[in-house]
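Chains as they are written, first to last, in the working numbering: chain A, 1 to 266; chain B, 1 to 486.
To be clear, the hints were calculated from the coordinates, so they are not data collected in a lab.
Idealized CB from N, CA, C, for every residue including glycine.
Among the hints, erroneous ones may be present.
Over 10 angstroms on every C-beta distance to chain B, these chain A residues come out as not near it, computed from the model [what the hints assert, rightly or not]:
id, residue
1, Ser30
2, Gly57
3, Val88
Okay, the calculated bits of chain A under chain B, using three or more residues with CB under 8 angstroms as the criterion [claimed, not checked]:
id, segment
4, 59-66
5, 96-103
Here chain A is said to cover these stretches of chain B; the calculated rule only asks that three of the stretch's residues, wherever they fall, bring their Cβ under 8 angstroms from a Cβ of chain A [as the list claims (entries may be wrong)]:
id, segment
6, 105-118
7, 131-139
8, 286-300
9, 309-323
10, 372-378
One letter stands for each residue in the lines below.
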Amino acid sequence: MRLTVDHTSTYSYETGVSYALQQVRKRPVSLPSQSILSWDLTIDGAHWETSYTDHHGNLVDLIQLEPGVTSVSVSVKGEVETHDTSGVVGGHSQLVPLWLYQRHTALTAPAKGLRALAGKFSRHPAQDIGVLHELMAEIAGAVTYQTNETDSHTTAEDALQQGQGVCQDHAHIFIAVARLLGYPARYVGGYLMMTDRVDQDAGHAWAEAWVDGLGWTGFDVSNGISPDARYIQVATGLDYSDAAPIRGLVYGAGRENLVVSIQVQQ
Amino acid sequence: MIQRLCVAEDMAEGEEIFDEMHGFGEGVRAPYAGYDCWFDKTTPSALLKKSRDAQTFFRRTGITFNVYGQAEADERLIPFDLVPRIIGASEWALLVRGIEQRVKAINAFLYDIYHRQEIVRAGRLPERLIRENDAFLPNMIGFDPPGGIYTHIVGIDLVRTGPNEFFVLEDNARTPSGVSYMLENRETMLKMFPELFAQMSVQRVSGYPMALRRSLERSAPQQASGRPTVAILTPGIHNSAYFEHAFLADQMGVELVEGHDLRVVGGRVAMRTTQGYEPIDVLYRRVDDDFLDPLNFRSESMLGVAGIFDVYRAGGITIANAPGTGIADDKAIYSYMPDIVEFYTGQAPLLKNVPTWRCAEADSLSYVLEHLDELVVKEVHGSGGYGMLVGPAASKKEIAAFRKKLEARPSNYIAQPTLALSTVPVLTKAGLSPRHVDLRPFVLVSSDGVEVTPGGLTRVAMKKGSLVVNSSQGGGTKDTWVLKEG
């Protein structure tokens, strides 16, 4: 499937920025499930400093905001040929040892709720896929998709206790429980083309678990499926903070407001 | 700051101690022949006067050492003893070969740990030691530092028990300190005893700052143009080693900077100058990993430079030593150093390790628990002689209390026997008297090779019979002489 993406994030600040550096992870790489045909990144109100590949294999652009700006936008536009691999991304090509993906982070740290959820499952070597699909369904049942109830700092435990959240929270809960069950698991940020609309509400996020014999396998709790040809993977990491489209330090800007516009279409 | 461990408070009785001047009592050893001859012609009272002059000199030049927890004295003079520690050319050559081998292995190990981890795959090092190690820095995975060097500056701590018996006590692969003492001790000795240096052929150490600068320049990233710009990053004046940072910057002729002097400009890390921002090619940082970059590590750090790690991964700067090198000087990893040396060099290690029991292993733990009164037990991540048990010097109550800590968290500890550390005489009011010593040679690594400065820091336990050489525990220093060939 050939998908086009047009995505702009615009930050506005109450007062002019005195100094700010941002890491931008908005450039997907080609994988068995996707070939990048074209991809352009443009920034306004900031300038590009440098680029590199981080330890998770994500392409990172470091940008510096122009002093005094009250608005910054980062846009990407591109075309990607996707392939339905039934959610299986396959082998682990990075040098990151798999055990690192079993490490809990601040956002996925397990407490009572997550442990209780994990207690309902056990790992059966021959039935990994079945167990993980059941886990996906269980989380979708326990945490209703609801915007504006959580934010990017909400932990998996809090979202679970709250019973409401968005794709990011679903992914964090899935990752946390999968790790408790002994699976290496990671966070994936990217795009999903919702077929009933052109303008998407937000970027998408899902989880991947390492399944022996298959490799990295995706689980989109919010939609109850494994990713197919409508998905584009942009960045991965131990949790949202590793894969966030934009993260950084902003000094002297007062309150920040973010407006996102995303179009994904065939 | 010089810190680290001691070996034991008191030796087992009756054990023979090797004195570097007098051997096992068979007479003055060859490296000390010239000194002995000179010493015979001087009077003790003249020497004692010089000793007092030396202390005044140090006070004036300001070599001091902040001892943690000693609130009443912010700065304190480290005792300096003016009897040199002398090492013969052939003894030194032996050490240099061993040090080169070890340092090459450490760099190969660090590369491997942050790439394919072949040593773990080969079953030669338990995965747990990397996995549970706080000094392992995931952000370094898959990155090739400029020139392939992780530890540009290394201090290998050695002890000696016989003419050819050297043991490595510790590898300081993060930020070995103390080199300023080596340089100042020598300068003081040259001032005090010019005639002695005229009689004996002692190798120079004064070339160290320029050798360090050259070595760092050779490790510049490819993006550097012209002669590389080097700078030293200090946490600031309140750091216990600030004197050393300032001293080295001055001696090397490079800028001493703090985090707030630097920022990312044009994809590089640049320092503020009167002519605007100037990019830095190589940063010798004396700021710990955690505090190096608030954008990538601890966000509350005021000591680092936001974005420096991004620039580093993009190839825009060399950070010396590389972030994440601390994993190589962890004490649990230390116990595997013989395997590490063999794995990466294909040769048997030339320098021995002190035998080490890893309390994480059940058999070792039960042995250690049964022999607590004979052993030195250290925290895996500890330093400076804090948080350790020196069995032979501990009371029954102290041993009992330590036993509880050890049983609660065995993997946090390793244990070593008390070694019969060599002695070198110090000057006392009653004449020469032997005191236990250790040695920290300073090693520079670049893509051109390994360079060991002929000398080093000799630390000496000033109390008779004591094996505690840490300056944080009242130890002193000596000038270290390496003689020329022939």
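Are there three or more residues in the segment 286-300 of chain B whose C-beta lies closer than 8 angstroms to some C-beta of chain A? holds (count 3)
Taking 8 angstroms as the C-beta cutoff, is the stated coverage of the segment 96-103 of chain A by chain B satisfied by three or more residues? holds (count 4)
Outcome, coverage hint (the segment 105-118 of chain B, chain A; C-beta under 8 angstroms; three residues): n = 4 at 8 angstroms, threshold three: holds.
For A/Val88, which was marked as not at the interface, is the minimum beta-carbon distance to chain B over 10 angstroms? At roughly 23 angstroms from the nearest Cβ of chain B, A/Val88 sits farther out than 10 angstroms, so the non-interface label holds.
Report holds if the minimum CB distance from A/Gly57 to chain B is greater than 10 angstroms, and violated otherwise. Check fails; 8 angstroms does not lie beyond 10 angstroms.
Cβ contact check, 8 angstroms cutoff: the segment 131-139 of chain B against chain A, three residues minimum: Result for this restraint: holds, n = 3.
If you count the residues of the segment 59-66 of chain A with a beta-carbon closer than 8 angstroms to a beta-carbon of chain B, do you get 3 or more? With 3 residues closer than 8 angstroms to chain B, the segment 59-66 of chain A meets the three-residue bar; holds.
Beyond 10 angstroms from each Cβ of chain B, as asserted for A/Ser30: 18 angstroms, holds
In terms of beta carbon proximity below 8 angstroms, does the segment 309-323 of chain B have 3 or more residues touching chain A? holds (count 6)
Do at least three Cβ atoms from the segment 372-378 of chain B come closer than 8 angstroms to Cβ atoms of chain A? Contact hint for the segment 372-378 of chain B vs chain A: violated, 0 residues under 8 angstroms.
Consistency note: the structure conflicts with the earlier hints numbered 2 and 10.
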